[in-house]
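Novice: What follows is the residue order along each chain.
Protein chains: 2
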Amino acid sequence: MKHLLTRRTIRKYTQEPVSDELLNRLMNEAARTQTMGNLQLYSVVVTRSDDMKAKLAPAHFNQPMVKQAPVVLTICADFNRTSFWAKCRKAEPGYDNFLSFINAATDALLYTQTLCNLMDEEGLGYCYLGTTVYQPQQIIDVLQLPKLVMPVATLTVGWPDEEPALSDRLPLESFVHQETYQDYLGADIDTYYNYKENLEENKNFVKINNKETLAQVFTDIRYTRKDNEAMSTTLLQTLERQGFLPHTILLQKI
Amino acid sequence: MKHLLTRRTIRKYTQEPVSDELLNRLMNEAARTQTMGNLQLYSVVVTRSDDMKAKLAPAHFNQPMVKQAPVVLTICADFNRTSFWAKCRKAEPGYDNFLSFINAATDALLYTQTLCNLMDEEGLGYCYLGTTVYQPQQIIDVLQLPKLVMPVATLTVGWPDEEPALSDRLPLESFVHQETYQDYLGADIDTYYNYKENLEENKNFVKINNKETLAQVFTDIRYTRKDNEAMSTTLLQTLERQGFLPHTILLQKI
Chain H
1 MKHLLTRRTI RKYTQEPVSD ELLNRLMNEA ARTQTMGNLQ LYSVVVTRSD
51 DMKAKLAPAH FNQPMVKQAP VVLTICADFN RTSFWAKCRK AEPGYDNFLS
101 FINAATDALL YTQTLCNLMD EEGLGYCYLG TTVYQPQQII DVLQLPKLVM
151 PVATLTVGWP DEEPALSDRL PLESFVHQET YQDYLGADID TYYNYKENLE
201 ENKNFVKINN KETLAQVFTD IRYTRKDNEA MSTTLLQTLE RQGFLPHTIL
251 LQKI
Chain S
1 MKHLLTRRTI RKYTQEPVSD ELLNRLMNEA ARTQTMGNLQ LYSVVVTRSD
51 DMKAKLAPAH FNQPMVKQAP VVLTICADFN RTSFWAKCRK AEPGYDNFLS
101 FINAATDALL YTQTLCNLMD EEGLGYCYLG TTVYQPQQII DVLQLPKLVM
151 PVATLTVGWP DEEPALSDRL PLESFVHQET YQDYLGADID TYYNYKENLE
201 ENKNFVKINN KETLAQVFTD IRYTRKDNEA MSTTLLQTLE RQGFLPHTIL
251 LQKI
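In the order they appear, the protein sequences are chains H and S. For the first sequence, the numbering used here gives the first residue as 1, with consecutive numbering after it. For the second sequence, the numbering used here gives the first residue as 1, with consecutive numbering after it.
Hint data in this document are derived by calculation from the structure and do not stem from the laboratory. For clarity, every value in this text was computed on a predicted model and none was experimentally measured. Ideal placement from N, C-alpha and C gives every residue a C-beta, glycine not left out. Careful: at least some of the hints might be erroneous.
Here are the simulated DSBU-like pairs of lysine-lysine, each with C-alpha atoms no more than 35 Å apart in a straight line [as the list claims (entries may be wrong)]:
| no. | chain 1 | residue 1 | chain 2 | residue 2 |
| --- | --- | --- | --- | --- |
| 1 | H | Lys-207 | S | Lys-90 |
| 2 | H | Lys-87 | S | Lys-196 |
| 3 | H | Lys-211 | S | Lys-207 |
| 4 | S | Lys-87 | H | Lys-2 |
| 5 | S | Lys-226 | S | Lys-55 |
| 6 | H | Lys-211 | S | Lys-203 |
| 7 | H | Lys-12 | H | Lys-67 |
| 8 | H | Lys-147 | H | Lys-2 |
| 9 | S | Lys-226 | H | Lys-211 |
| 10 | H | Lys-147 | S | Lys-226 |
| 11 | S | Lys-67 | H | Lys-147 |
| 12 | H | Lys-147 | S | Lys-90 |
| 13 | H | Lys-196 | H | Lys-2 |
| 14 | S | Lys-90 | H | Lys-2 |
| 15 | H | Lys-196 | S | Lys-147 |
| 16 | S | Lys-87 | H | Lys-226 |
| 17 | S | Lys-90 | S | Lys-203 |
| 18 | S | Lys-226 | S | Lys-207 |
| 19 | S | Lys-211 | S | Lys-67 |
| 20 | S | Lys-196 | S | Lys-226 |
| 21 | S | Lys-67 | H | Lys-203 |
| 22 | S | Lys-2 | S | Lys-87 |
Incomplete in silico selection of chain S near chain H, CB under 7 Å [said to hold, decoys possible]:
| no. | residue |
| --- | --- |
| 23 | Arg-32 |
| 24 | Gln-63 |
| 25 | Lys-90 |
| 26 | Asn-97 |
| 27 | Leu-110 |
| 28 | Val-133 |
| 29 | Gln-135 |
| 30 | Ala-215 |
| 31 | Leu-236 |
Now the stretches of chain S that chain H is said to cover, found in silico as 3 or more residues with beta-carbon under 8 Å [said to hold, decoys possible]:
| no. | stretch |
| --- | --- |
| 32 | 153 to 161 |
| 33 | 200 to 206 |
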């Protein structure tokens with residue numbers, strides 16, 4: 001796949017527009033991705049208007065690329081369309097549950113990644129915003145998503161106006177297991193994380209954050225227990241509000 | 001992307017082996033996919049032994065490709081490795097929660113799809129098994145997955161020994177929305193689903209299942225409310241057992 005080995009996340013874009021023609025072609029081709037029962041349990045909301053970008057930005061912690069990118073795509077797990085199709089065809093849909101959310105989220109994420117791979121090939125730059133699941137209710141309100149539609153990914157898209165350094169990756173042996181999962185020993189961690197921990201940029205990252213180790217930057221600053229637990233509750237509440245987590249299931253567990 | 005527009009799910013494979021060299025190269029290249037904080041929150045378990053395939057097969061409803069394929073890949077959301085890294089580095093991980101599962105599952109699914117697209121380019125055939133999240137505990141037991149590791153996708157992989165017809169897709173307008181989500185009217189459904197519903201194979205599918213509409217085949221036979229609800233409970237229980245859903249979060253909601 002052309003460009004895959006040199007792909008980087010792009011956060012700065014030129015003023016050149018991304019045409020509807022190109023974007024539509026790529027969104028259409030990405031739909032060749034496999035999907036559950038060929039139901040295509042996803043939808044994409046395209047944001048081009050400055051007003052809408054400004055409304056989406058706070059949900060993404062006001063990261064500047066949301067307002068700066070020519071296009072913002074919000075990809076959603078969607079059982080609304082399929083359920084309505086069923087209702088129009090004398091069928092009773094039963095997709096207001098957690099498994100159906102996971103199925104639709106899977107379809108949506110696989111679709112998203114093929115779209116990313118296609119954009120790489122075209123030389124388009126994009127940034128995948130993981131913030132989508134942090135404050136999903138704001139996105140739902142702005143994009144007017146009905147029940148059984150849940151945002152799972154956001155891409156800011158445009159022509160690259162930067163060429164950041166390639167980011168490092170762990171060695172293959174660190175994440176591939178043969179036949180059964182071989183749990184890690186301290187020595188494995190030393191081997192697998194040695195390169196990452198000794199990169200100048202990561203050493204500097206530790207220093208400017210006044211931490212002792214790189215891992216502490218993640219646990220104490222970037223992805224803390226407190227934030228994760230608060231956002232877990234919010235996410236479950238939003239799934240319930242969107243109709244994917246009936247109260248009965250939660251009650252059953254007590 | 002070469003072959004994307006003609007990709008099909010492949011369920012029958014030749015006897016030709018898939019070399020470790022090729023598979024490792026593709027699994028390594030797929031790791032260029034973007035990942036949360038560059039943490040690579042996934043792992044892959046490679047199954048080649050007949051004995052292990054036979055043990056995995058029941059979790060996938062004994063679909064024949066599990067035993068027939070030269071390779072089965074189980075891709076997992078993995079916060080175990082990252083958490084252990086933190087513990088080895090004087091850091092306190094806080095990833096035993098639902099948000100962290102969603103973050104890791106996202107990493108795992110994006111990785112999976114780049115791998116699929118790479119396999120397409122090599123001419124390798126694969127089948128994505130959605131059954132992975134239906135009976136995950138069986139897979140966890142067979143592959144000996146520790147806490148904070150959860151299987152989210154399975155691929156059976158081999159050289160194609162069939163060329164099935166291309167499956168249909170909905171038109172772009174049916175799943176792309178401009179600026180805000182435009183909910184569907186009955187007339188939209190008629191337009192968007194007309195082609196699919198009138199395909200000979202789908203008409204035949206309705207007939208052999210003794211149903212009145214194609215949608216009923218999905219709601220009454222393939223993906224029923226009863227199954228979805230039962231498997232939702234199982235999935236939540238498994239997430240709890242793997243450490244991604246502390247009891248306290250569920251209690252808070254009552």
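Novice: So, for every hint listed, does it hold in this structure?
Specialist: Quick rundown of the hints versus the structure:
| no. | hint | result |
| --- | --- | --- |
| 1 | Lys-207/H / Lys-90/S | holds, 16 Å |
| 2 | Lys-87/H / Lys-196/S | holds, 16 Å |
| 3 | Lys-211/H / Lys-207/S | violated, 66 Å |
| 4 | Lys-87/S / Lys-2/H | violated, 38 Å |
| 5 | Lys-226/S / Lys-55/S | holds, 26 Å |
| 6 | Lys-211/H / Lys-203/S | violated, 64 Å |
| 7 | Lys-12/H / Lys-67/H | holds, 11 Å |
| 8 | Lys-147/H / Lys-2/H | violated, 39 Å |
| 9 | Lys-226/S / Lys-211/H | violated, 51 Å |
| 10 | Lys-147/H / Lys-226/S | holds, 20 Å |
| 11 | Lys-67/S / Lys-147/H | violated, 40 Å |
| 12 | Lys-147/H / Lys-90/S | violated, 43 Å |
| 13 | Lys-196/H / Lys-2/H | holds, 26 Å |
| 14 | Lys-90/S / Lys-2/H | violated, 41 Å |
| 15 | Lys-196/H / Lys-147/S | holds, 25 Å |
| 16 | Lys-87/S / Lys-226/H | holds, 17 Å |
| 17 | Lys-90/S / Lys-203/S | violated, 62 Å |
| 18 | Lys-226/S / Lys-207/S | holds, 23 Å |
| 19 | Lys-211/S / Lys-67/S | holds, 32 Å |
| 20 | Lys-196/S / Lys-226/S | holds, 26 Å |
| 21 | Lys-67/S / Lys-203/H | violated, 47 Å |
| 22 | Lys-2/S / Lys-87/S | violated, 43 Å |
| 23 | Arg-32 | holds, 5 Å |
| 24 | Gln-63 | violated, 14 Å |
| 25 | Lys-90 | holds, 6 Å |
| 26 | Asn-97 | holds, 4 Å |
| 27 | Leu-110 | holds, 4 Å |
| 28 | Val-133 | holds, 6 Å |
| 29 | Gln-135 | violated, 11 Å |
| 30 | Ala-215 | holds, 4 Å |
| 31 | Leu-236 | holds, 6 Å |
| 32 | 153 to 161 | violated (count 1) |
| 33 | 200 to 206 | violated (count 0) |
The earlier numbered hints that this structure contradicts are 3, 4, 6, 8, 9, 11, 12, 14, 17, 21, 22, 24, 29, 32, 33.
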